[in-house]
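Asks: Listed here are the chains, written in short residue letters.
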Amino acid sequence: MFAITKRKGELLELIKLLQDPNESKRKEGVKRVVKLMTLGKDVSRLFTDVLGCMHTEDIELKKLVYIYLMKYSKFKPEQSILVVNTFVTDTQDPNPLIRALAIRSMGCIQVEEVNEYMCQPLRACLKDKDPYVRKTAVIAVVKLFENNPELAERQGFLQNLIDLLSDSNPSVVSNSVAALSEINESLSRPIFQINSSLLYTLFNAMNECNEWGQIFILDSLTKYSPQNNKETQVIIQRLLPKLTYSNPAIVLSTIRNILHFAQLLDNQKAFISYSKQVVPPLMTLLGSQHEIQFVALRNIILIVQRWPQLLEHEIKIFFCKYNDPVYIKLAKLDILSILVSDRNVDLLLREFKDYSKEVESSFARKSIQAIGLCAIKLEKAAERCVNTLIDLVKEKINFVQEIVVVIRDIFRKYPNRYEKAIGVLCGNLDVLDEPNAKAALIWMLGEYAEHIDNSRSEELLQSVLEMSTEQETNPDLRERAFMYWRLLTKEAKVSKEIVLRTKLPISQKSFLYEPTTLTELLRNISFVSSVYHKTPSSFINNVKIFLRKTNDFQDEDEDEDEDEIEDENENENQNENENENENQNNIDIDIDIDNDNDNDNEKNNQKDKHPQSKSKLTTRINRSKNKEIDLILFDNQNTNTNTNQKENLQKEEMKLDNSLFESIAPKSQPKQLLLTAQQGKGLTINGALQLRGTEIFFDISLTNKLPKPMKITAIFFNKNLFGLKPSGLNINSIVPSGKTIDKSIHCPLDVSHSDRSKKTLSIQVAIQNNLGVHYFVFKPNFQVFLKPNPVFDKKDFVKEWKKIPDFNEYSLEFIISEIDSNSVKQKLIANSFTFITQRKEEEFDIFYFVANLFTNELILVELNLDISSQTCLVYFRTTESLYIPFIFFLNHF
Amino acid sequence: MISQFVILSPRGNNLILRNFRNDIKEDTSDIIFRKLNFEKISDFPPVFHENGINYAFIKYSELIFFVTSRFNISSSFLFDFLDSILTSIKDFCGVFNEQTVIDNFGLIYELVDEMIDYGAPQLTETKNLKKFIFNETKLDAQELKNLKSNKKAKKKSKKSISSDAKKTPISGVFAGGGFQTVEEIYIDIIEKLHVEFSNNGSLISSQCNGLVMIKNFLSGNPILEIGLNENIKIGSPKDFQYFQGIFLEDVLFYHKCDSSKFEESGVLQIIPPEGEFILMKYRVSETSMNLPFQIATNFEEFGQNKLEIRVTITSDFEKAMWASNVQISFLVPEISLDVKCELEGNDITQTAKFQKQDHLVVWKLPRFNGEREESVRVTLTLPLQKKNYPKQINAFQETISTNTQLTSANTLQLIKGKIGPICLSFDFPDYSVLKMKTLKTTDQNRSYVPTRWIREFSKSDSYFSWV
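In the order they appear, the protein sequences are chains A and B. For the first sequence, position 388 (counting from the first letter as 1) is numbered 385 according to the working numbering, and the numbering increases by one without interruption. For the second sequence, position 258 (counting from the first letter as 1) is numbered 255 according to the working numbering, and the numbering increases by one without interruption.
Note that these hints are calculated values from the structure, not bench results. Fair warning: there could be bad hints in the mix.
[Unchecked claim] Here are a few chain A residues that face chain B, going by a calculated C-beta distance under 7 angstroms:
{"id": "1", "residue": "Thr35"}
{"id": "2", "residue": "Val139"}
{"id": "3", "residue": "Pro278"}
{"id": "4", "residue": "Phe316"}
{"id": "5", "residue": "Pro322"}
{"id": "6", "residue": "Glu392"}
{"id": "7", "residue": "Phe536"}
[As the list claims (entries may be wrong)] Pairwise CB distance ranges, derived in the manner of DEER restraints:
{"id": "8", "chain 1": "B", "residue 1": "Leu288", "chain 2": "A", "residue 2": "Leu457", "range": "41 to 49 angstroms"}
{"id": "9", "chain 1": "A", "residue 1": "Glu447", "chain 2": "B", "residue 2": "Leu288", "range": "53 to 61 angstroms"}
{"id": "10", "chain 1": "B", "residue 1": "Glu181", "chain 2": "A", "residue 2": "Glu182", "range": "23 to 31 angstroms"}
{"id": "11", "chain 1": "A", "residue 1": "Thr513", "chain 2": "B", "residue 2": "Gly242", "range": "41 to 49 angstroms"}
{"id": "12", "chain 1": "A", "residue 1": "Thr513", "chain 2": "B", "residue 2": "Arg369", "range": "44 to 52 angstroms"}
Beta carbons: idealized from backbone N, C-alpha and C, even for Gly.
Bound-form chain A, shown alone:
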């Protein structure tokens, strides 16, 4: 009670302050409001009062009001329009500060009408005589573009930005570069491409503008492809002086560019001489604060993987300092283990040995692993590495377990060479409690059983097999034990050959990045991508998934909540990569379908192609209402809606029926290239899954690129999510040289062939011809798995919805690019979802959909759309695995 009255009192007091005739009192009030806002309190109720303070000469007060306005305007669109006039007047103020402030703040108001009003003043500000106003207006163009790309393009603002690249003021130029590079990523046709003449404009601007402008220019430079060697030389020469700057971001961006352009020279000698010059500044960055050191070290890991010789003489700089934070020590270890060579291995082994004794677990363990890597990489030094490890065991360091695992790997690389280690390890059996270490030791004991006298192996084997066959409940393990048993009873010699056969060799390469990945990572030096060692597409995603059970955040118990969230994060991370990759692959197919279906939606399609403007994650909107109540409401509404609404609804449905009809009729999937001639040794396959009636067919075109005829014998699918399987294995067709034949293979769904643990629609396919078996993976379009038009009414929907327990409900939230809720709806319908009904609640348009799979699973969807903030919140309930609706949804947006 007290808290409420106190808060009310505070609110009243604030209102009083905000309405005070004295300006300094009002300022005091606004200050307090902004303070509360910072603390995360909701002060949206004071909107009108704060707005009242906007008319003022006091810049300090004005700025505070704008900070408030930028945050709350999108929740109060109607009232926000009222302030447009003040903004427009301010953009004509004689004081350039006020003009800039107005145009800067106006762009941050995400209300459509405000955007329209903004165009006129923005055009004036872009041509303002004061550079401060111009540079601010440039950024305002980006704001407008993000809110309404067509408007920005139609009004010619993008062209204005290009013109401003040759502005007299360097800040304006660097902002224009920043703005254009950002906008460029969301356009289908890039409007900003550096050409030879622009290159020199940028170089000149770079010498004038501040550090940050230089970084932008350097970053956009990486995308430029020089016309000839001479130009490349000139670029590198222009870049070299930047290596002596004290700003780490400039230095790293310069290093990226020099390495990148020097490679283009195609002249090994020139490359070496240029690349050598990046080394000293790179080393000096390691004297900076820890954060910069970390970034530099993570980048160096990439550089030394490609060019180890560049830094082989600098090895001592990567020795760990005792007071380095752990993340720095770990990065240094990575570098040292790549740089290790026959020349420096003794020095490094001594370092690694000392590190292995450290208390911090991840560092000590990684140091032990580093010793193992030395052994695997350098055959000559392997003996010394093993001795070092044995010494460490004898010294009884804390992490003997890790040594066991490392020695196992050394054994795999050099079989039958270092059995002496087994004895020492066995002396330390009592410390092994981690499954990994135990497994490693048991493996070694098994492999080297002959060297252990008196090991009583037969007895042991007997009891292990008995235990696994009689007491074990895991069928897989039991079966395996039976298999070994039978093997042993048949003939011991054969079983030895089977069980103890040669193992796959292990090499240092297993720990390095694949060349193409490395090349991409190197092109991202200094960006966050190079710090994570992940390619941008793997963590900058178009659809940001926010998966979490609805129930969890309705739960009041906080402790429990926290645990849950952590679990889910793990889950999510596991799925994320897979899903993202899928998504990437699928965009093109999606677009093609859209083109077939609704030509008038071209704008949307264009946006679809560009990840940045596509859906973005926002966190959840609070959904306080209980689901049960929600459904009742929904029931009532169906019966109680007034006639007017009802009519609208009916009309809507009529229209929908039409579109449903249109979209479904001729939906043939375009064929994708599945197997290239190179992969298929002369055989090329294009194909797609097609739905005819209610049957699925795999339509393929087989092309023979060989000079002689080819015989295709069989096709087979691996187990996949839905159990798709060709009805017959044999094809037996002969493809003449240079010709293509088309085949249509009927593929029914077979439950026994489905694998629900697969979290992707992808199917692995094997095809056999007279030359051998070829494998490829293809990603069918999800639509083929949906029944075209299931008969489903509202009653059924409510019934099914209630059947599924609440805790099986999942939600997904993202920002969509559509600006009208109808087009979202159409999109779903076009993709075989059946529309059930819709209603409106506050700012949300709520739609209900259902999709029925051929496997007779249902996906029930409640789509909450807030078109003003372009937020889309989806709740789904499904009769089957969660991943299915998940995959489906990812394909839509």
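Since the structure of chain A is provided, determine the placement of chain B on it from the hints.
Replies: Showing chain B alone in chain A's frame:
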């Protein structure tokens, strides 16, 4: 493009939160706070991503500064931005702590909005920013008092005063405080030494990273001419065999600094920006470095279960100089039953103690003069050896191997393996490779002599010896 900038209090409250792009919800503070306080990872990496959001953070005086972004953005730029925002706040507020942030939040919002617009960085230099800032700096009574006492303290000891002592906000924004603007400039040469010795006292690796930092409170646009050591070469000693001067492996300069005469005469020219900035960073070549201290360790066994460790530190510099706050520390094995520390010599300012909970021996010397040798004797009492393997394993072990039993010969080796490196930390005023020789300020419009505070200083970064 940066999405958010946040200053977080040690308790996890937002002191400043600016959402530039509105594409990320405001619960990022919770996420970062939880990561830093509840994750099991020690030293959480300063840049990471979660749910498609990139985070970069730094810590300063218990506050967490962080930015978020959705883009594959330059990570060094993120830290650079955080640093420069911190520097600007320090310039404008003089001091920097939680209270100043709370008192000056309007000013900080103003600053942040000038420094970043919709995620794109804008103005950086304090001088340029000043034109656009309208809030006045507010300092509470205590800070004002500190400021005054600082001024007095400065007059007393001119030698080696740190630029940190200067806690005055830059001129112009502090009209209400009653201070006159003083024409003064602070120049710090700070060198950090990293040295690693092997257990026999030989040098394994050494590095010396230096920087020249300037705090400028001069008005107008004076040209600063700084003369450093004249005989400097940039590059590797291998390339200049007969050169006798100082080798710097590499030098980075402030981007507006004219360094064309640096190698020839050691002179740098610059029109300094107002407030704090780093003029240059450099790396001294191993051959030009001086190592102020040598570390030696000796072991001796007494009786069945006592081990004595004798650590000797020798200073290798002029008698008249001294290092301060010298501290030597190392870990001893957890199994030690008793640890006794005994100082040699009778210097009463020294202390040597065993900190039981950390298993750490700490030896402190407030002042370490040149050409001296100081020692400490640490005696460990260890448990008597027992074979306490479980029966079964013991039998198993005997069948397999013959030489895993402990013998007294490898006891010392075993215990030594558990003694951590001997770590040395110290501050060393007036000790640096790079020296300031001349400083000229010229202003076309007037002639004046500003107050100049110059400090040369070395400190240990990681100075240790393995045992």
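Asks: Work down the list of hints and note, for each, if the structure agrees.
Replies: Here's how the hints hold up against the structure:
Here the hint on threonine 35 of chain A is kept, as its CB sits about 5 angstroms from the closest CB of chain B, short of 7 angstroms. The interface hint given for valine 139 of chain A holds, since its Cβ lies 6 angstroms from the closest Cβ of chain B, which is under the 7 angstroms cut-off. This hint holds: proline 278 of chain A has a C-beta 6 angstroms from the nearest C-beta of chain B, less than the 7 angstroms allowed. The restraint placing phenylalanine 316 of chain A at the interface with chain B holds, with a minimum CB-CB distance near 5 angstroms, inside the 7 angstroms limit.
Checking proline 322 of chain A against chain B: minimum C-beta separation of about 4 angstroms stays under 7 angstroms; hint holds. Interface restraint check: glutamate 392 of chain A against chain B, minimum CB-CB distance 4 angstroms, threshold 7 angstroms, status holds. Given the 7 angstroms rule on beta carbons, the hint for phenylalanine 536 of chain A holds: about 5 angstroms separates it from the nearest Cβ of chain B. Against the hinted window of 41 to 49 angstroms, the Cβ-Cβ separation of leucine 288 of chain B and leucine 457 of chain A comes to about 59 angstroms, which falls outside the hint.
Glutamate 447 of chain A and leucine 288 of chain B have their C-beta atoms about 55 angstroms apart, which keeps the hinted 53 to 61 angstroms range intact. The hinted range of 23 to 31 angstroms is not satisfied by glutamate 181 of chain B and glutamate 182 of chain A, whose Cβ atoms lie roughly 48 angstroms apart. The hinted window of 41 to 49 angstroms between threonine 513 of chain A and glycine 242 of chain B holds, with their beta carbons roughly 47 angstroms apart. A hinted range of 44 to 52 angstroms is violated for the C-beta pair threonine 513 of chain A and arginine 369 of chain B, which are about 60 angstroms apart.
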